[in-house]
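Protein chains in written order, with my numbering: chain H, 1 to 104; chain A, 1 to 209.
Rather than coming from a laboratory, the hints here were simulated on the basis of the structure. All of these numbers come straight from a predicted model, not from anything done at the bench. Just so you know, not all the hints are guaranteed correct.
Distance condition first, Cα-Cα at most 25 Å in a straight line; then the derived SDA-like pairs of lysine to any residue [as the list claims (entries may be wrong)]:
hint, chain 1, residue 1, chain 2, residue 2
1, A, Lys206, H, Leu55
2, A, Lys206, H, Val67
3, A, Lys163, H, Leu76
4, A, Lys163, A, Lys206
5, A, Lys163, A, Leu202
6, A, Lys206, H, Ala69
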Amino acid sequence: MSTWVDQVFPLALAAGSSLALLLLARGRGFEAAALREALRRALEFCGLGAALYALNLGLAVAVVLAVRALGGFLSLYLCVEPSLLALSLLQALVLQWWAATSRR
Amino acid sequence: MNLESEGTRRGLRALGTLALLGLAVIGFTPLANVLHARLHGATRVADADAVVVLCSSVDPGGRLSEGSLRRAVEGIRQMRRGAAPLLVFTGITRDEASEAEARGRLAVDLGVDPGRLLLVPGVRTTAEEAAQVSAALRGRGLREVVLVTGSLHMLRAQRVFEKAGLVVHPATVEDVSGREVQPFDRLSLMRAVLQEAAARGLYRLKGAH
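Isolated chain H, as found in the complex (with noise of 0.2 Å):
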């Protein structure tokens, strides 16, 4: 398999899923304009959720340093483990739907 099938077969994947999804959810009346909003409101969660991976990042490095620093012994990798990663896209979903709801 080529180096560039690799890299494009997942866009090409999304992007014709994604046409398909557009044209049910047109089919089932959803609103043309209201997909300029859905993007942005996905910008945002992007956004929020890099903030707080950035802040969960720091507290980890935080936090290994200070137990090193008292003596105990904390890898430096635990700051890097994929599920940090998860759970600051989920507390990001949360504190945008939160906040949301609490306009309503």
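Mind docking chain A on chain H? Use the hints.
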């Protein structure tokens, strides 16, 4: 904090756009591959007093990680080609599992004489590995080592071992592939690159190399 104010939302959108652009650049360009090549340690084959294989990981059941296995096999290969008369395995300890002992058993199963094995278990950092291996080898009057570790880890490990008083000949193991092209693999490669860059920064701050 008002997440619903227009100013905050605009800021979050900007940050989100940057994050997505960053992911796209890492996943779909050779940036991670280029950075990996810049941090990559060299190999300089030479004969020495001992072959020293640095730790990677082991699971609580005693199963060696892929990186640990690759390094152990390279150490055994170096010894069998006659690089040194002594093979040293360091290793972490996880619950009851000892990486060094698991590697030692593997080496014996593959024909290494148990009398030519030295195990240094229970290490946690590169600095601890260097201190303990240096003490053990210098106590036997040995100073020159073939150092076996991963391609990203080598430069830092080499400096730390040299600072501990040993003469180092690096034997790099490709435990992380720098030729990844699939987006997720490149993201993983970038994570490894950033992790090593952070570790080098920390060691430099501590004056450990």
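Evaluated hints:
no. : hint                : in the structure
1   : A:Lys206 / H:Leu55  : 24 Å, holds
2   : A:Lys206 / H:Val67  : 16 Å, holds
3   : A:Lys163 / H:Leu76  : 22 Å, holds
4   : A:Lys163 / A:Lys206 : 13 Å, holds
5   : A:Lys163 / A:Leu202 : 16 Å, holds
6   : A:Lys206 / H:Ala69  : 12 Å, holds
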